[in-house]
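Colleague: As they're listed, the protein sequences go chains A and B.
If you count by my numbering, then the first sequence holds residues -8 to 454, one letter each, in order.
If you count by my numbering, then the second sequence holds residues 20 to 324, one letter each, in order.
No wet-lab data here; the hints were simulated from the structure.
Glycine included, each C-beta is placed from N, C-alpha and C at the ideal position.
Heads up, some of the hints might be wrong.
[What the hints assert, rightly or not] Chain A side only, calculated, beta carbon under 8 Å to chain B, not exhaustive: (1) A114; (2) G145; (3) E153; (4) E155; (5) L195; (6) P196; (7) S197; (8) R262; (9) S284; (10) R426.
[As the list claims (entries may be wrong)] Okay, the calculated bits of chain B under chain A, using three or more residues with CB under 8 Å as the criterion: (11) 67 to 75; (12) 94 to 103; (13) 235 to 248; (14) 298 to 308.
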Amino acid sequence: MTRSTKGRFWIVLLVLSMIVAACSGAAEEAGGDNGGTSATTEAPDAGGGDGNGDGTTDTTQAPEATTTTAQCAGEDNVLEVWGFGATGLEPGMDEWGAANGYCIETKIIGYDDHHQGLLTALAAGEVPDVAVVEVGYSSLFKGSADAGFFTNLGDIGANDLEAEFVDWRWAQGVSNTGVVFGIPTDVGGMGLAYRADLFEAAGLPSDPAGVAALWSTWEEFLDVGEEFFGAGDPHFLDDAGVLYQVIATQAEQRYYADDGSLIYDTNPNVRFAFDIATDAAERGLSANFAAFSPEWNTAMDTGEYAVQLAPSWMMGYIQSVAPNTEGLWSVTTLPVPGGNWGGSQLTIPAASDQVDAAWEMIQFVLSSDNQFAVFQNNGNFPTIEALYDTPELLGTTNPFFSDAPLGEIYAESVKNLSPIYEGIDERPILDAFGRAIDRVENGELTGEEAWEEALAEIQLDVG
Amino acid sequence: MTQTRALRTKRKKSRNDLSGYFYIAPFFIVFGVFGAFPIVYTAWIALHDWNPIGTQTWVGLDNFTFLVSDPRFWNAVRNTFSIWFISTVPQLLFALILAAALNNALLKWATGYRMSILVPQVTSVLAVGIIFTQIFGREFGLANYLLESFGMERLDWQSGVLSSHVAISTMVMWRWTGYNALIYLAAMQSIPRDLYEVADIDGANTFRKFFHITIPQIRPAIIFTVIISTIGGMQVFAEPLIFGGNSNFTGGSDRQFQTLTMLLYEQGFGRFKFGYASAIAWALFVIILIVSIVNYMITRRISRE
């Protein structure tokens, strides 16, 4: 090789390396859009959550997945469904598709990614035929419904269904001007899941009635936890942020007054929930696992903590990520009743060209029979009120949860719920409180400092 | 007769001129559609309270005045510069040393080494991010294991400002050092041999040759890498995003490693404040411009000496 050809060789190599760099740059963006990959192979998120509780690595646990059922002959008979976790409705969708000659294409991505991507998709007009909207984002999408981005299901027959559904859940799928844009899939009524074996080992009663009798306030709940579990292994709680999120919903109002004005800084129940959560963090009762993180899933399976505040959809989640704990869990009522965590609506974007088929499918999967089947299989609690008094539902138990009276516990928790006014910035406000609590758990701030920080952060964002 | 010939050549000449524009047109069309137009349109959006679904109202310079008073913006500026500095300076120095070593005529298997330093570059940034995030994990990370085996305290790499910046910078360095080394190497290969021969005759040692021949001779390559690393460093996004866990655009619970691009994404696609996000984008553009000019002047002065 002469010197000049050698030089040319290096120039070619340099150019090649730049092309490689450019290509990997493109790959970067593609990866970034999906919010990263996830190590798990299942899609366990059963519908509700958001788990915001923690700032650092929260939410999105459900890995991306695209599944296609049946043979798709052409574009005409494909229904595209976007969601953020297993709603438990997939088997029903497939059943409907098989009977009616449709293929269902389901795309599952992370919780925040899904909702933020959906809003961008609506703006761009590249929409799915059916989109899941969780209650944490319902208020944001009400504005989109008013602007005509969703099919008004009221125009195509939803008004006939309204009477069957729980009224306040129905209202979460209705915009401010009365556009019915979503039909509720499930209610996130609350229970308390606990590890019966760990309770016994700590010298506590382990039957649902006995555990329920241990405490009647959240303060007592923490006191008992500290007395019997201390700050050691196993921890009492998984995550202080989850505790905050649940207690904050146990009131008539949360971040907004009924007239839509912001009261997150003055609402005594928000402050109370924050204080209980930071108190638990400061006393070392929380194992500080970000909800929905891979570590959280592992800890659930290996028994690193004793108590899990559990909406009914969490039953499906626990079973899918913690198969080794079968029979070790039990469920009882919360120390203080009330609260809702999660639940979703099924919507049809206005730009879908399969509105009629999508509506047929939604009616099928949200029928009374199918909702009951979903509750049996996946834990998501139905939204059809007539089911709540049926002996079949009330008698539901599950050996995975030591045959605790799941049906009774969750039916009771849902009956007394009242609607909370939800404004457009629910999600960022919850997020800011969650991150502040996280910093208390990390030992960076006291509860009082964290409260001030959270308010300052929300002030900047929401104004 | 002469007149028509003159006319014909003139026409021919102008046709030649025209075809020249056709040859360069593809670049300018692509640049116009994907480069110039978005820049201008972003400026237009930045002057609005712009909701992708809903209303777009004219607000003048409000987004920019809020930007200047927003502590999250200055925090992101600090983080971006800090991560850029911690990653770029050692990266370029190391690349220079690596290139000098690979340029050694006595080195065996030279091509093999030269190829292998590019390997980190072809690795997906996602894979790099995931692996390094595990290395710097709180509970089971390799970095903490090493710290402990040297008798030091384990660190919660994510929660600290400096520790998280160091961890992210490590990822950036790992990916880009080889790339820069290759550019230096290519430049070093084109330095005329006689310069070194003359220096040898004059009795200059290796270090003198390196500082007085090699560095000044590869000055354009150094300027190029400094500017490219600066532009890249100002836009660092994937590494801190993956480091913070899925979809976490706040860069930690205290925004301790949220960079400018992450803030931009958070405001734009998380909070749907497209107007404010566009203002951030323009601020980023101006910052990169200023830093590049400063870079250029400093680098030119240093290598002239």
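Colleague: A separate judgement is required for each hint: does it hold in the structure or not?
Modeller: Consistency of the hints with the structure:
| no. | hint | verdict |
| --- | --- | --- |
| 1 | A114 | holds (4 Å) |
| 2 | G145 | violated (20 Å) |
| 3 | E153 | violated (26 Å) |
| 4 | E155 | violated (30 Å) |
| 5 | L195 | violated (28 Å) |
| 6 | P196 | violated (32 Å) |
| 7 | S197 | violated (29 Å) |
| 8 | R262 | violated (20 Å) |
| 9 | S284 | holds (7 Å) |
| 10 | R426 | holds (4 Å) |
| 11 | 67 to 75 | holds (count 3) |
| 12 | 94 to 103 | violated (count 0) |
| 13 | 235 to 248 | violated (count 0) |
| 14 | 298 to 308 | violated (count 0) |
Hint compliance for this structure: hints 2, 3, 4, 5, 6, 7, 8, 12, 13, 14 are not met, and every other hint is.
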